[in-house]
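> Here's the letter readout for the chains.
Protein chains: 4
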Amino acid sequence: MSGSIFGKHFTIQTFGESHGEGIGVVVDGAPAGLPLSSEDIQVYLNRRKPGNSKYATKRAESDTVEILSGIFEGKTTGTPIALLVRNTSQRSGDYSEIASYYRPGHADYTFDAKYGFRDYRGGGRSSGRETIGRVAGGAIAAKILKELGIHVLAYTRSIGPVTIDYNHFDASFISANPTAMPDETAAEKAGDFLDKCIKDTDSAGGVIECVIDHLPAGIGEPVFDKLDARLAHAIMSIGAVKAFEIGNGTEVSSRLGSANNDSFTLKDGTVTKKTNHAGGILGGISDGDQIILRAHIKPTPSIYKTQETINRKGEEISVNIKGRHDPIIVPRAVVVVETMTALTVLDLMLENMHSRMDYLKKIYPSS
Amino acid sequence: MSGSIFGKHFTIQTFGESHGEGIGVVVDGAPAGLPLSSEDIQVYLNRRKPGNSKYATKRAESDTVEILSGIFEGKTTGTPIALLVRNTSQRSGDYSEIASYYRPGHADYTFDAKYGFRDYRGGGRSSGRETIGRVAGGAIAAKILKELGIHVLAYTRSIGPVTIDYNHFDASFISANPTAMPDETAAEKAGDFLDKCIKDTDSAGGVIECVIDHLPAGIGEPVFDKLDARLAHAIMSIGAVKAFEIGNGTEVSSRLGSANNDSFTLKDGTVTKKTNHAGGILGGISDGDQIILRAHIKPTPSIYKTQETINRKGEEISVNIKGRHDPIIVPRAVVVVETMTALTVLDLMLENMHSRMDYLKKIYPSS
Amino acid sequence: MSGSIFGKHFTIQTFGESHGEGIGVVVDGAPAGLPLSSEDIQVYLNRRKPGNSKYATKRAESDTVEILSGIFEGKTTGTPIALLVRNTSQRSGDYSEIASYYRPGHADYTFDAKYGFRDYRGGGRSSGRETIGRVAGGAIAAKILKELGIHVLAYTRSIGPVTIDYNHFDASFISANPTAMPDETAAEKAGDFLDKCIKDTDSAGGVIECVIDHLPAGIGEPVFDKLDARLAHAIMSIGAVKAFEIGNGTEVSSRLGSANNDSFTLKDGTVTKKTNHAGGILGGISDGDQIILRAHIKPTPSIYKTQETINRKGEEISVNIKGRHDPIIVPRAVVVVETMTALTVLDLMLENMHSRMDYLKKIYPSS
Amino acid sequence: MSGSIFGKHFTIQTFGESHGEGIGVVVDGAPAGLPLSSEDIQVYLNRRKPGNSKYATKRAESDTVEILSGIFEGKTTGTPIALLVRNTSQRSGDYSEIASYYRPGHADYTFDAKYGFRDYRGGGRSSGRETIGRVAGGAIAAKILKELGIHVLAYTRSIGPVTIDYNHFDASFISANPTAMPDETAAEKAGDFLDKCIKDTDSAGGVIECVIDHLPAGIGEPVFDKLDARLAHAIMSIGAVKAFEIGNGTEVSSRLGSANNDSFTLKDGTVTKKTNHAGGILGGISDGDQIILRAHIKPTPSIYKTQETINRKGEEISVNIKGRHDPIIVPRAVVVVETMTALTVLDLMLENMHSRMDYLKKIYPSS
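Residue numbers (this note's numbering), protein chains in the order written: chain U, 1 to 367; chain F, 1 to 367; chain S, 1 to 367; chain C, 1 to 367.
Isolated chain U (complex conformation) (with noise of 0.2 angstroms):
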């Protein structure tokens, strides 16, 4: 195998290259009886789109989504559901260039490395592209878990050296900007940043956060299967993340245990916490808190600017990298981070309804 399945309940398997016939996914284990229409899968699928903003690839993609199975009379069948979403505008160019020499900072290498060859059409399975079939996948996910009262969002927390303020955070402002942020005033002056690094033929990385509200207590497994390994492994499998936070993050290798440790309290005769610096997982299930990830987002590798590099036939050369580059990845991967989440949560989920005697007895009663 490719690595190309992810989860264990709930699963997808992605196909498809940046220049093939299109992009696609297999959705397995979703349960019978959910009401599902493409449209569901689209207005996920439109927040990744390129061409939204000025600050992403000026490929023009429809990346319009057809559902080839699982799905009668509008609702789920409890079987495969295939969606594929057609490349349209790949361009015919000439990648020989291209196909001659190894970029910095992307996979043509390691994957010549690994298989002997590649496809080397605007990066094949490497590519950017592949996250289409994470996000129609994720986006069926994250309709289950809506009806079961949980929601999952994701934004940019950070642009380069511009991070939001939460005392500004509104979440009604991520989609209706290009930089994805919760606040008006960073988005603004990331804007100025990544305006600048246009004009420099550069490129920025930047910060996703991702919280997930009203997810019950007792989510994760104890030992490998943890939530946040199993957040760590979804997240980081996403090109160009390079660290993976939960919770406090980083911070708490400096910490004193005194500080760090979260206080148990009630509220309304509920269990909670005084403080969240644990982003509300307690040896790795979930404690009924909010649950807070942060995936660290390298810039683009893709720059305009004269590199250094070598080509096939083992020459150290000079390169000017043409296409159409998008000088940020970072709002474009907020919703696949969003979505990578929502399936880890719910395949969890899915695993937990086995976790107690109670939970067989409920599903069947013997008669």
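Please note that a few of the clues may not be correct.
One copy or any two copies: either way a pair holds, since identical chains are not told apart in the list.
[To be verified] Taking lysine to aspartate or glutamate pairs in the DMTMM-like style, the calculated list, with each CA pair at most 25 angstroms apart, reads:
| no. | residue 1 | residue 2 |
| --- | --- | --- |
| 1 | K274 | E97 |
| 2 | K361 | E147 |
| 3 | K313 | E21 |
| 4 | K362 | E73 |
| 5 | K75 | E21 |
| 6 | K362 | E147 |
| 7 | K196 | D165 |
| 8 | K75 | E147 |
To be clear, the hints were calculated from the coordinates, so they are not data collected in a lab.
Given chain U, work out where chains F, S and C should sit, using these hints.
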């Protein structure tokens, strides 16, 4: 399943609780013909053993491993290797107090929320003793890697505010001091810091770094099973880890593309990179360079200070947790990070054996 | 998951329903560098296509396969290969009748029991058209096996009371006649028997046999993933198969040990057996001899005769099922048995690549 | 992996060899809150214990199970349950002879072919003692099923030429006689037949039948994880099983559709079938009727008669195998078939808990 199996090809399944009969692991996927003795495993277990230093719990456990299966005449047979470490120092004391409330920063509450009750003796399955199974299984993975010329090395990078100086890096010093730092000066400062923590009845966290040398290029799968994603899963599944970084990690989010990209170059006829901000991974696949990862570990939640919490009756109470606590778990966790890394890398190396028709023909030359 | 993934290393995931958009499959684990064209797959699909003979449904489907991903310049890239066959001949007719009751011998009732409702158009996911995905995926497995010198061949062994005579065995005749028997005389008799079935508005069953030649010794895992156990899984997962045999199969239960054991002997310096009652498998592992298996297939449940059943309101009724039925599915299932066998064997061959340290060193010679 | 894990949700991983330290199993996926004692497991182990009857090996093993983990205060905790049975009666004798050649009908040759060498002491991992792990794990599955009102029962259907008469069926007689037949007259005849086998230094095979009562309709997945496919996998993974049947099994291939279809009808307001040729499974999913399966078991390959074989040097030789052989393994395998069936059914029941949105909402009622 309770998430106690790790890996797809080389797998470990761990079992056991802090105060039960013992801790064990079943290792499957070890190829036949590897010379293996209990001593090979014991040297790894000894590195995580309590009682090794003044910064570890005083619980005196010999942690002696017994091989139950899978070895014949000193070599692996290709069938499951079961390893068992008996618990010998469980105190028979009264646990009714600890059973009655939820310790801050621990999994007591989340286990109860998940299962309806918990084995409260010493943390049960959520105890740090669970890592014995990982280390024992990972010792076998590390031995296989060594036979293939690949070396994994972990060490303490920082404790509280004290970080090592790479100019003083001395690998041989790691096992020779209670901080597991590779820098004598830093180790001394860290020791002073920990002494103060103990005096203050507080605890400390830190950062563990792990490097892999001589890993061939091509290891890791393109989409969900990227080498970095799988490493993140492995490392974040270790209790108390709250953040994970690969290469330049969190730093990349504020860098420019031109500064973050590593140029390819040639060295003695081999493709390499001028810098290694990527930490040896491009597109989720090893590039032949050194792999570098970091785990951020929270301060031990068990502290002697008075803390606020609630009890099982739902009453807010103040507690002083008794027992034998480590003021820091970082030094003992070093070998856990190292072995989890070894397990992950070996697993993906096995997966990669299927990546080319050439490889199939090497194993199955048709007559 | 809905059980739509087969295999551990070389996997297929199928999707689609009889009267939906189409039937597809995602094939993962094909090693990079295999020459592959849609024609390689189409020849297998053509063998199961309806309308090939008078004993098959009159539904006219071209079953043309489209490759959506995973191939570049005529070779597999090592990433998922998605294949799609569009449905073109779904009749738009009225299904309200069939929706209202449970056809005897069909999965109508059990789908309703499982999911609360069903896609009743042509059987939905339980239709025989589901096997298109298996055949398309298995065609790739068969091609890889051929490159390794291994050949899989299935044929009809019996139809109703007519069984082939091995003295008349002619492999070239299999594809040349509508029974898929390798014996011209038996094929004629079987044809007469089927003509009578059609006249009687009844249906027939039969036995498919499959042999694997030149499989090396050593394939199969010792305990749960024995070669015969995995083959049984594969073959029994084909709709309508009610029994599975390996080697002498059911006969062995009434034999004596002295008559059933196969003596080892030498032939041209190679270990072989004087007889092959075992069907080429000992202890779940191939012994280098020919693998022989049989699938017993029930008569098509859709018949034109009046039958008793109940409707969804819970009333007992008599029904005459309309539609386009095959009087026998055995000949069309031959290629399904062949491809499921190929998938299973290849999967276990990939697994076996991990069985020895020697093999690891062949792929990863340490420098 | 060496194929030692069975199941996807309720899993067992077995380990151990005939003459090693012992045989064990790790059971994962048992829901928390099930009352469980070692006695629950021991009663199953006692049914397969050698030395129970004159038709079984004289090796005297107490096969006493030790619970190593996963139980707290008499109840399952939801975490892995490790079980260990120490070997106590391994004869320390000389195995150099058996090491030097390949016993006909055994896995000696295929293990050597796979791994390059083998643990030749008593068959190592390919010994029938391996089934201890299955029976111990399956005992837990059977207990869970009982709590849900589902009963699994296996018995000997035939031994050599002697088959039971269903008119004399007496379930209580199964455990009361050394043939495990539920028919006293047949048991006597089978006993005479076995006495003759022993006298002739030969061995016998037979058929085991297993029925499942009160399994709800809806269990099994539509495509590859059909209930019958998974049962076939489970049963064919037991050493010496050479054929598997569900319902009318091999008979169906010569039947007409009109005779093979089971008409649906109502009984006390419940949907049922007038006949049960299908063995309780339609389209791979349980239909609420009794599940019926059969395993055909070959005669024990170890016989005292002189046999032809080859040795490791590649010389043809005659051998008389010494040691303690069962003249038949069928009666001891009955409990293995029963427990493997229980494991399979429970695993699919857990999977089915994900099949409907309704079920998710039962476990996660959103507040």
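> Look at each hint and say if it fits the structure.
Going down the list of hints, with the structure as the test:
no., hint, result
1, K274 / E97, "between (58 angstroms within a copy, 22 angstroms between copies)"
2, K361 / E147, "both (23 angstroms within a copy, 9 angstroms between copies)"
3, K313 / E21, "neither (30 angstroms within a copy, 46 angstroms between copies)"
4, K362 / E73, "between (28 angstroms within a copy, 24 angstroms between copies)"
5, K75 / E21, "between (28 angstroms within a copy, 15 angstroms between copies)"
6, K362 / E147, "both (19 angstroms within a copy, 12 angstroms between copies)"
7, K196 / D165, "within (22 angstroms within a copy, 35 angstroms between copies)"
8, K75 / E147, "within (14 angstroms within a copy, 34 angstroms between copies)"
In terms of the numbered hints stated before, the structure departs from hint 3 and from no other.
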